Amino acid sequence: MSVTVEKSPEIAPPPVLRQRGQREVFCGLTGIVWLHRKMQDAFFLVVGSRTCAHLLQSAAGVMIFAEPRFATAIIGERDLAGLADANEELDRVVGELLARRPDIRVLFLVGSCPSEVIKLDLSRAAQRLSRNHDSVRVLHYSGSGIETTFTEGEDACLATLVPGLPVSTDGADLLVVGALADTVEDQFRRLFAAMGVVRVGFLPARRAAEPPSIGPHTRFILAQPFLAETARLLAKAGLKRISATMPLGAEGTRAWFTAIAGALDIPPSRVQEVTEIPYRRAESALRRMHAHLSGKSIFFFRDSQLEIPLARFAANELGMRLTEVGTPYLHRALIAEDLARLPTGITLSEGQDVERQLDRCRAIRPDLTVCGLGLANPLEAEGLTTKWSIELVFTPIQGFEQAADLAELFARPLRRRARLTV
Amino acid sequence: MQLALWTYEGPPHVGAMRVAAAMRGVHYVLHAPQGDTYADLLFTMIERSKTRPPVTYTTFQARDLGADTATLFRDQVRDAAERFKPEAMLVGASCTAELIQDDPGGLARSVGLAIPVIALELPAYQRKENWGASETFYQIVRQLAAVGDAPAESAPGPSCNILGPTALGFRNRDDLAEITRLIGRLGIRVNVTAPLGASPADIARLPFADFNVVLYPEIARQAADFLQRSAGQPCTRIIPIGHAATEAFVREVADLAGVDPAPALAPAEARSPWYARSVDSNYLTGKRVFVFGDATHAIACARVAARELGFQVVGLGTYSREFAREVRKEAELYGQEALIADDYLEVEAAITRAAPEIVLGTQMERHIAKKLNIPCAVISAPVHVQDFPARYSPVMGYEGANVLFDSFVHPLMMGLEEHLLHMFREDFEFTTDASPSHLGGAGLAVADAAGLAAQAPADSEASLAGPAWADDAEQEVRKIPFFVRSKARRNTEKYAEMHGIARITLDTLYEARAYYAR
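Heads up: the sequence lines are chains V and D, in that order. Start counting the first sequence at 139; every next residue gets the next number (our numbering). Start counting the second sequence at 721; every next residue gets the next number (our numbering).
Just so you know, not all the hints are guaranteed correct.
As the list claims (entries may be wrong) - In silico lysine-lysine, DSBU-like type, Cα no more than 35 Å apart, as pairs:
1. 805(D) / 525(V)
2. 1090(D) / 176(V)
3. 525(V) / 257(V)
4. 525(V) / 770(D)
5. 176(V) / 1091(D)
6. 1214(D) / 1049(D)
7. 525(V) / 1091(D)
8. 770(D) / 434(V)
9. 1090(D) / 525(V)
Simulated from the structure, these hints should not be mistaken for lab results. Note that the structure is predicted; figures quoted are calculated from it, not measured.
Model the full assembly from the supplied sequences, consistent with the hints where possible.
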């Protein structure tokens, strides 16, 4: 388990600590939990094991009421022994499912660790099933833990949608890439309209069967930092990416809109004018949070790849003191703007040996630790204050109006600890 | 391939984790990809465990598959032994690692640790969580129990082991406290409790007790059978859930120990029998109950419901296929065919068909019941954060019988409330279409009532085909309380069809009622 400290030639970037050991993180299947809420005409069928089904239900928690729009085709002994042709079995299961759910327009076959190890060809299965079921588009991506880490599942899912985006000369001028809560999407649409950007597409669209169209003139921007493969495919399709900070916080969001305006030849004064009111609102709300958070130290365990943009927000807009910022992968190009705004004197870590990261966290004893659900209570029991990182993925945190909500996610655990007398 | 929306049990390695996390001084190295680390949150979030489960995952990736996953595994075993210093090491594979066939047992032994290494073979594509827990506990006992040794010093008096409680077990923590106290009253010493709280050294001492108390057969029967065969220790068969079963259990334990059962019979805190006989409980008579859960809790709770509360069991089932035989036999006692299923849609359909007045089930059935607007009490795993209440809340022993009385009765309308509703149901302020306020369906019921007034025969309960309802019969059937109305309607229609009656009149309604009278 080697440790390398990389010194990069850029302008004094923080050193990156790379370790290899146990990684404590969800696999890409977890993305289904928010993606199925976003795309209401889509169904996600994991082809995997009982573990996959158990993971999804544990991560999805209480959303048991309705019949969910995701399920697992659990591979059994017979499928492995070759007694049952796995493809025939899959066709049968999909047939059952589609008969039950005639409202489904797009079906994602989601690969898992076991389906990949046994080399079940889900892309061929998807083609075959698309042919056999007229009204349903069947797509495939991998959410397996041997290929994908947590939010990379969304990346894989969106990447599989890219080739299906209709191409037209009157396609969108702007494509916003990354699942956002509907309320955030609506807020952004209003701001775009006020800026004069009319033809805006969002990927994923609310209805997967109605994807946004693109053209050679389309510019795209990421609303989530973890979409490396999707960005690569869009670039390959000839779309130019707009580089910006992630739309987190008042500054981050304004910089995001400003970058878009710059790319679409909208005068900066227009952006200033359109964003002024929400920016002021966000800024004054953040100023109030500043009092609770300024000077507090924060430690990020690696989890969602949102860590670096979040760290930028925490340091620059809340005055928090960064200690270690962990990330599963450091895609420098995609988060260049956030990375460049990080203060000096921090540790970036990529990859993970969770035991040693815990040792470092215990030694630092930060005021707030952002970590996964498996670590939070044990660290609280050791007297540390924690924030579940998964909430930063599930909660709407992007945009001006959510800036204070995001700050509140950091402030509440601290306030709560101060309030309790037991 | 099986289509699963929700599952009752996790994979078998989660069962192994429940055993490992319950014990002290063991560490489990699991050959598994990173996604499998989700299982940690079951313990830290659901049970609010203050420590991470003692599990190291190798978290191999696709790129390792071509290279050397075996070395990765050996390194993790060595590192975990060094960091955590366990007294015994469990090693095994999760579903994905099972496919790459690295032989965790052989690899771990080749590391040459100075502690016992227990290799677990848990076939992930055939078996499930409880089986995994049972097998793990059995392997630990088989390899660590000092069968044939004599205790260093023998304590006086009869002694027993308590077997079965694990981490993430349904009310295991409080059941154990209750049963330990009960056994203490008989003057019997508890030699070892396992897996919960036991160290490998404790497991070694298991054979030194006179007999074993098996609290959860799903977990401990296999180990207890082994100890019976190898160490000659008999074990208990009665599960002390409910008042009568607790008394029978006390007699069984006293008999095995050769002591007088009296000190643990009819204690003052045993309130449930009197509560059941008190007049207010009259309204509980014949309440239709549907019971579903693991085999142990389903069987025991059906008995309590039928014999100690006077309910009528209209459905009994389990997801524990390993215990299907026992549940089938039990269901016959109630004139029912047992439902053996791990497909929650199938369970939902069965509950809908049986039209119970209360459901005793797992968290899944709680949601099904909520959807169907039927009261429900949770009696079994799979566990939820609510199944680890801050207060003392066993389901075993006398206090457990009290807890069950409350749990089964509180979701129902209280007797007096129900009586008053009957008395006043013809008053205009009351409408029998209003569902009980605690079920939160008031708004819905009002809308439904309005709809009924507007278009009488086309309400949601009326079947599309089948006999027509005369107006007076229709008016009459609506006087029946909502929670049995659809059943009455169906029975009347069934009766009408059987007798070739095309139009249901008041008389048909009452003839049918007489026909189906209990």
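How the hints compare with the structure:
1. Between residue 805(D) and residue 525(V) the alpha-carbon distance is near 30 Å, which keeps this suggested pair within the 35 Å criterion.
2. A distance of roughly 25 Å separates the Cα atoms of residue 1090(D) and residue 176(V); the hinted pair therefore holds under the 35 Å criterion.
3. Restraint check: the Cα-Cα separation between residue 525(V) and residue 257(V) comes to about 38 Å, which exceeds 35 Å; the hinted pair is violated.
4. Distance restraint check for residue 525(V) and residue 770(D): the Cα-Cα separation of roughly 16 Å lies within the 35 Å cut-off, and the hinted pair is therefore satisfied.
5. Distance hint between residue 176(V) and residue 1091(D) is fulfilled; the C-alpha atoms sit about 24 Å from each other, no more than 35 Å.
6. In summary, the hint linking residue 1214(D) to residue 1049(D) is supported, as the alpha carbons are separated by about 29 Å, within the 35 Å threshold.
7. About 33 Å separates the Cα atoms of residue 525(V) and residue 1091(D), which keeps this hinted pair within 35 Å; it holds.
8. Restraint check: the Cα-Cα separation between residue 770(D) and residue 434(V) comes to about 25 Å, which is no more than 35 Å; the hinted pair holds.
9. As the CA atoms of residue 1090(D) and residue 525(V) are separated by approximately 32 Å, the hinted pair is consistent with the 35 Å bound.
In summary, the structure is inconsistent with hint 3 from the numbered list given earlier, while agreeing with all the others.
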